[in-house]
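Following the hints, complete the assembly by docking chain B onto the known chain A.
2 protein chains.
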Amino acid sequence: MRRHHRCVIESDDTSESGGSDSDIDTAMRCISCREEYLPRDAGTCKECYEEAGETEEELKREIEDLKAKVSFLRLDHVVVHAGNSRSFTDVVLIASHDDGAAAAPPIPAHKSVLVSRSPVFKAMLENEMEESRSGTIKISDVSYDALRTFVCYLYTAEACLDEQMACDLLVMSEKYQVKHLKSYCERVLVTKLTWDNALMSYAFAHQHNAKQLLDAALSQITGNMDKLAKREEYMELVEKDPRLIVEIYEAYLSKQVNTAAGGTSTS
Amino acid sequence: MRRHHRCVIESDDTSESGGSDSDIDTAMRCISCREEYLPRDAGTCKECYEEAGETEEELKREIEDLKAKVSFLRLDHVVVHAGNSRSFTDVVLIASHDDGAAAAPPIPAHKSVLVSRSPVFKAMLENEMEESRSGTIKISDVSYDALRTFVCYLYTAEACLDEQMACDLLVMSEKYQVKHLKSYCERVLVTKLTWDNALMSYAFAHQHNAKQLLDAALSQITGNMDKLAKREEYMELVEKDPRLIVEIYEAYLSKQVNTAAGGTSTS
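From first to last, the protein sequence lines are chains A and B.
Residues 1 to 267 (the UniProt record's numbering) make up the first sequence, in order.
Residues 1 to 267 (the UniProt record's numbering) make up the second sequence, in order.
Watch out, some of these pointers could steer you wrong.
[To be verified] Here are the simulated PhoX-like pairs of lysine-lysine, each with C-alpha atoms no more than 20 Å apart in a straight line: (1) K46/A / K46/B; (2) K67/B / K60/A; (3) K60/B / K60/A.
[As the list claims (entries may be wrong)] Derived CB-CB ranges, DEER-like: (4) D241/B / K60/A: 37 to 47 Å; (5) Y252/A / R29/B: 40 to 50 Å; (6) A68/B / E57/A: 16 to 26 Å; (7) Y249/B / E57/A: 32 to 42 Å; (8) M129/A / R133/B: 24 to 34 Å; (9) A68/B / W195/A: 25 to 35 Å; (10) R29/B / Q207/A: 46 to 56 Å; (11) E247/A / R40/B: 56 to 66 Å; (12) A123/A / M200/B: 48 to 58 Å; (13) R61/B / E36/A: 28 to 38 Å; (14) S71/B / E130/A: 27 to 37 Å; (15) A68/B / E130/A: 25 to 35 Å; (16) E62/A / G262/B: 26 to 36 Å; (17) A27/A / Y249/B: 46 to 56 Å.
Note that these hints are calculated values from the structure, not bench results.
For each residue, glycine too, the CB sits at the ideal point set by N, CA and C.
Okay, chain A solo, but in the shape it has when bound (with noise of 0.2 Å):
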């Protein structure tokens, strides 16, 4: 059964003008949008929305001193001038390839930016290792471009990165356990979600443990199970890896069930 609420307003005898009955009749002109609307598409209330305004302009302020913050505390001007000799750098990493092709030219940073900034690194350079008395950190399979931009984003909290880099940083981010670095990197890897890359995207996310970028690739998957079987990178998992293709049947089931149980219960 539904109520329909009826309100009537009385206007005192004494009252010197202004809002008579008739004001009740009047269709309401939004505050916000200048748009007239009706009692069925009312909002909030004058006060509510004066209250609203003023928590965003306190958002807005909070986000204004945040910024500041960032800017104060990025070290940009030490990126700009590693490797000449004022920034009083005191370690460099190499960007080394098995193959054995010509050595990457050195990139040069600071033992306390690294340390604060990676477990891996910190318990490498505290702990008097071969890299913290040589002042040489060799990385592995990466490219020179990969490690500048890593180096670059352990300073300043920022990079622009397309697809590939941003794979190539979530796997580095991921083995010197840059936690912030590798959340940055999924959400890149998020946006770029397709079907076409779906599968790729799932596969890469499940080995480098990376929860955002597999759930959402998990989602975009299980939305187009009638063509899943048909894709080359399905049939190649199958081989590989068939423990991910169970997981994606797991996950499809899940989900059915869930959407079931939601179906019931709002019925």
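Positioned in the frame of chain A, the structure of chain B alone reads:
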């Protein structure tokens, strides 16, 4: 004018559909605070209410992202461990007093951090001056505690300041041109402004080019002009630096003129 608000609840036997003409007679219930209101107190339409909610969610997400960035960029670890051999520091700061008191313990730090936070340290350390060669920076006229808080702020962009410490750090941040800290100190001092400290704060702000604090103190003072001349600090300032008192009167006059102009335009 007072209005009586009488509500009648009617059950509706027939229709399930909402928007009949009778809608217009219905008092609305605010989606946000759940209170009933009348058309003259209407705020937004439903669509704008929902949009505002989304905006708020987005702003909150942005705040979370920025907080994570700040926490990534802070160099807490370094501060905690500064002083032990594993923190890779390459410079110490010493609070020195001209009065020949016993020297305070040195505070270890990183040239790279000092240089990136302060143009004064940058010039000092990059130009092979005495401080750079010796690895020791003497800071005069400052307590050990203030210097330690100052250095800590350079690493973390955070400090918990009482009024005295905010004054001390404002002076240091002015001297070493650490704008972010100076602005923070000013904001702390603005929150501590009262009529009792307004004149001292005003003179202090003047001395250290603290515009935010100056404006706030001036506004406090010009709102209490009747009591101004009776204050002890007033007499002292008239003796010591009468220009400051002149500026107060000028600000008061300009405020009066503006108020009058505002009054005229709205009358």
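Hints and how they fare:
1. K46/A / K46/B: Cα-Cα ~13 Å, so holds.
2. K67/B / K60/A: 14 Å, holds
3. K60/B / K60/A: 9 Å, holds
4. D241/B / K60/A: 37 to 47 Å: 39 Å, holds
5. Y252/A / R29/B: 40 to 50 Å: 42 Å, holds
6. A68/B / E57/A: 16 to 26 Å: Given range 16 to 26 Å: holds, Cβ gap about 23 Å.
7. Y249/B / E57/A: 32 to 42 Å: With a Cβ separation near 34 Å, Y249/B and E57/A satisfy 32 to 42 Å, so the hint holds.
8. M129/A / R133/B: 24 to 34 Å: 31 Å, holds
9. A68/B / W195/A: 25 to 35 Å: 30 Å, holds
10. R29/B / Q207/A: 46 to 56 Å: Roughly 53 Å apart at Cβ, these two residues keep to the hinted range, so it holds.
11. E247/A / R40/B: 56 to 66 Å: 59 Å, holds
12. A123/A / M200/B: 48 to 58 Å: Holds - the Cβ-Cβ distance for A123/A and M200/B, about 52 Å, lies within 48 to 58 Å.
13. R61/B / E36/A: 28 to 38 Å: The hinted range 28 to 38 Å holds for R61/B and E36/A, with Cβ atoms some 33 Å apart.
14. S71/B / E130/A: 27 to 37 Å: About 31 Å separates the Cβ atoms of S71/B and E130/A, which means 27 to 37 Å holds.
15. A68/B / E130/A: 25 to 35 Å: Between A68/B and E130/A, where Cβ atoms are some 33 Å apart, the hint holds.
16. E62/A / G262/B: 26 to 36 Å: Given about 31 Å between the Cβ atoms, the range holds.
17. A27/A / Y249/B: 46 to 56 Å: With Cβ atoms ~54 Å apart, the hint holds.
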